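Engineer: Knowing the structure of chain A, use the given hints to seat chains B and C on it.
This is what each chain is made of:
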Amino acid sequence: MSAPLLETQGLQKSFGALQVARAIDFRLEAGARHALIGPNGAGKTTLVNLLTGALAPSGGRVLFDGADVTRLAQAKRVKRGIARTFQINQLFRGLSVFENVCLAVAERLGAGGTMLAAAGRRAEVIAEATRLVELLRLGADAGRRIDELPYGRQRLVEIALALGLEPRLLLLDEPAAGIPSAESHILLEAIAALPRGIAVLIIEHDMDLVFRFAERITVMVSGAIYAEGTPAEIAANRDVRAVYLGGALDA
Amino acid sequence: MSLHEAAREYATRHRVRAWEALPWLAGLAAFFLFPNYLAFGTQVLVTILFALSLDLVLGYAGIVTLGHAAFFGAGAYTAAMLAAHAGWNEPLSGLAAAALVAGAVGFASGWVVLRAQGLALLMLTLCTMALLEQAANMGAAWTGGFDGMPGLAFRPIAGLFEFDVLYFRSQYLYALAVLFAGFVAVRLLVYSPFGRSLTGIRENVLRMHALGAPVRARQVRVYAFSAALAGVAGAVFVQANGYVNLAVLGLERAAGVLIILILGGYGRLYGAFVGALVYMLLEHSLSKAYPTAWQLGLGLTLMLVALYARNGILGLAAALRSRWSGR
Amino acid sequence: MDLASILLGGLASGMVLFVVSVGLSVTMGLMGFVNLAHGGFAMLGGYAVALAMRHWGMPFFAALALAFAAVAALGVLLERTLYARLYRASELDQVLFTIGLALVMIAGVTLAVGPESQSIALPAWLRGQTDLGFLRYRSYSLALIAAGALLMLALWLGFERTRAGAQIRAAVDNRRMAESLGVDVRRLFTLVFALGSGLAAVGGGLGAEILGLDPQYPLRYLAYFLIVVAVGGLGRVSGVFAAALVIGVLDFVLKVEFPKGGAIFIYALAMIILLARPQGLAGKRA
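Protein sequences appear in the order of chains A, B and C. All residue numbers for the first sequence refer to the working numbering, where the first residue is 1 and numbers rise by one. All residue numbers for the second sequence refer to the working numbering, where the first residue is 1 and numbers rise by one. All residue numbers for the third sequence refer to the working numbering, where the first residue is 1 and numbers rise by one.
Looking at chain A on its own, in the form it has when it is part of the complex (with noise of 0.2 Å):
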């Protein structure tokens, strides 16, 4: 079997007597279309910092494509390719749409550090970015502020962001969190056409969105991995059910 894109080797974490992620043994193949699910407070969100670098761990390797990227920091793991998405969104928020995705393609482009040259001038990042606020629906609101939108939009323009950095590998923390099912779809949509080269990793609690994105599912429970596999694997684990899916599946 060819190495993982991403693995973890028993990564944990603690702030002081707290442990909140416990000796995480992780793998992700390339291409992969992964769900992380659990129950609030089990860890999901930490996971993701750690794998992005925003958390230093207490212990434990960061394995991404082969290199140790435990001791790098997070603006170094993003130009090999880890992107990610905020819970709660972490947009430039005096700044139009089509502003903050020029922005996130300017840093992918290297473009970002000129300093005598007109950002206007860059046709390549301007013509990304256009490409990118259509493929999420934001066309019409492109020239508003961002604490103009709706909540849901925003994350829309959450997710423009991380896609702008072409990452191999993408995590989503909590996508659809917030957007009214109405618009939902346009989410699964842009998710669904994601190239089959970038690995995916979802954090969800949209059970719907789960099991029609996800190929892999891993269940966290309290700082640990407690079940691993395919959907349908998951749906029939009766200790996966009691813990956390409850009657989410009985539809």
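These are calculated hints, taken from the structure and not from any lab test. Misleading hints may appear alongside valid ones.
One-sided excerpt, in silico: chain B residues whose CB lies under 7 Å from chain C [unchecked claim]: (1) 89; (2) 138; (3) 295; (4) 299.
So these bits of chain A aren't anywhere near chain B, every CB distance computed over 12 Å [said to hold, decoys possible]: (5) 22; (6) 27; (7) 58; (8) 60; (9) 89; (10) 117; (11) 151; (12) 165; (13) 188; (14) 224; (15) 235; (16) 241.
Quick look at which bits of chain C chain B covers, simulated, 3 or more residues with Cβ under 8 Å [stated by the list, open to error]: (17) 146 to 158; (18) 263 to 274.
Model, not experiment: these values are computed from the prediction. All C-beta atoms, glycine included, are put in the ideal place defined by N, C-alpha and C.
Structural biologist: This is chains B and C only, laid out in the frame that chain A set:
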């Protein structure tokens, strides 16, 4: 605004608008219209350049600093000491030297200080400036200490234009030219991808990290650039006025330029112009005659601005304009 | 000057710094509000003492009590009407507002009383020297040291032993959690602000002989108050106490040995401490 319009707006934002020639035309007109006030005019121009440098750091990168006079002073003392001790009083190369020294001080202090945030950062900027002030005081043999160095003379600019001690004619045009050059550099920077990324750092630093931007490196770079520019302003101050003293490194100057920038409107490129002009005109006419009333009025104005008009004069103007045009 | 004299002189200075700055530290630690006008409350307190003694013939300690009450009341008024509006504002706005307020206080005092510096006539038993056995030293300075130590003790007891103290400590550590536990943080802040301003007023009056008393007071010592607070750690009384004493002694020594530019060591020390521990000596890591 449709997507197409938004993209077009982004692509053409940097284009020079016709009205942007106005400040320079006005500056030139003032030269002919107010020949007896050119000394005052020169001070205004120097302050605009200084405030412009602060705007890069405060308005665009979002770094709150009470110590920007450290760089103004570094540039000032460089030009002064070169002239007084090394006999190097050619003004243009003096400017270059001042920019280099102040930029180096900016780079070093920024690299050290910008790892902090909030109150710690504010205090570190304040302490850096105070440190330099104390050093200048201690090294009185070099810097003239508390009394400073009066009576500095400089060679004619580009060998042609003598410094006019009485009417400040060449000083004014010199300052105007330097300001123009500095403004062009700042404007280019602000509309560059680097400048845009600074806005991102100001708006949401967490997100910038998550976009892979080398945040601290960018911050240090703009801090150093801004310091060099402030140093140039300080050098022009010394060359035009012919003296230097500890006040160039003092809290009064640092707080003063901060107030000026906020009054004019930070993050708006021209806030420095508006703020410096308005503030210094008012100060010139009021503070000598009624110093206490001036202080009281200034204090009340600052309180009101903080509560109701945090974006300064230009911000108020923009709000009025959008209210007037309907939406 | 011998070591003991220098130490005592420095401790006295430090105690004044402590009394004035402790209120600022707790206020900033509790509400995260940068209050550059804090020195103004100290100044107003000093002026209140001077004027009450001169015009109403009040004795020294009664005047101090009056100053405390009057400035605390002013603090409540300002906090409720003005400061409260800026709690959610940016650091820059808070800096701007409080600089403005400081200027208003300076101008107000100049208009009401005049630009000259004021002196406070100490009671007879504080003038002159006290014999400690191994040393004779200025009674006033010794009294300052005693007062500062007493205040530290009183504050420590207040924070450790009273319910309000516990609530304040909890809110400084984690405001949101304290709120969710039912602590009325708004009222707490008014209380702390009043107390802090009142203490600053007392510090202004007590320390008038050392720090002087004139309209420029708030801005002249602003940097020192801020350094003491930042180095000590926001909301940490023990930290402010330690930082104030260290800086007081250091400043005193430097004024004697390096009058020109000696303060450079204080700024350098402050920078080193803030870079190594941005949260201050006693502060909690964010």
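Engineer: State for each hint whether it applies.
Structural biologist: For each hint, the structure was consulted:
1. Nearest Cβ of chain C to the Cβ of residue 89(B): about 27 Å, over the 7 Å cut. The hint is violated.
2. A distance limit of 7 Å between C-beta atoms decides the matter here; for residue 138(B) the minimum to chain C is near 3 Å, and the interface restraint holds.
3. A hinted interface residue such as residue 295(B) counts as satisfied when its beta carbon comes closer than 7 Å to some beta carbon of chain C; here the least separation is about 4 Å, so the hint holds.
4. Here the hint on residue 299(B) is kept, as its CB sits about 3 Å from the closest CB of chain C, short of 7 Å.
5. Against the 12 Å criterion, residue 22(A) stays outside the reach of chain B, whose nearest CB is about 26 Å from its own CB.
6. For residue 27(A), the non-interface assignment is confirmed: its Cβ lies about 23 Å from the closest Cβ of chain B, beyond the 12 Å cut-off.
7. Remark: the non-interface label on residue 58(A) is consistent with the geometry, its nearest Cβ contact in chain B lying 21 Å away (cut-off 12 Å).
8. The claim that residue 60(A) lies off the interface holds: its Cβ sits roughly 22 Å from the closest Cβ of chain B, which is beyond the 12 Å cut-off.
9. Its closest Cβ contact with chain B, about 9 Å, brings residue 89(A) to no more than 12 Å, contrary to its assignment away from the interface.
10. Under the 12 Å C-beta cut-off, the non-interface status given to residue 117(A) relative to chain B is violated; the minimum distance is some 6 Å.
11. Every Cβ of chain B is farther than 12 Å from the Cβ of residue 151(A); the closest lies at roughly 16 Å, confirming the non-interface assignment.
12. Consistency note on residue 165(A): stated as away from chain B, yet its beta-carbon is not over 12 Å from all of that chain's, at 7 Å minimum.
13. Residue-level check passed: residue 188(A) sits 22 Å from the nearest beta carbon of chain B, beyond 12 Å.
14. For residue 224(A), the shortest C-beta to C-beta distance to chain B comes to about 26 Å, beyond the 12 Å cut-off, and the non-interface label holds.
15. With 12 Å as the threshold on Cβ separation, the claim that residue 235(A) sits away from chain B holds: the shortest Cβ distance comes to roughly 33 Å.
16. At roughly 35 Å from the closest C-beta of chain B, the C-beta of residue 241(A) stays outside 12 Å, upholding its exclusion from the interface.
17. Evaluation of the coverage hint for the region 146 to 158 of chain C: breached, as 0 residues show C-beta separations to chain B shorter than 8 Å, against a requirement of three.
18. With 7 residues having a Cβ less than 8 Å from any Cβ of chain B, the region 263 to 274 of chain C passes the three-residue criterion, so the hint holds.
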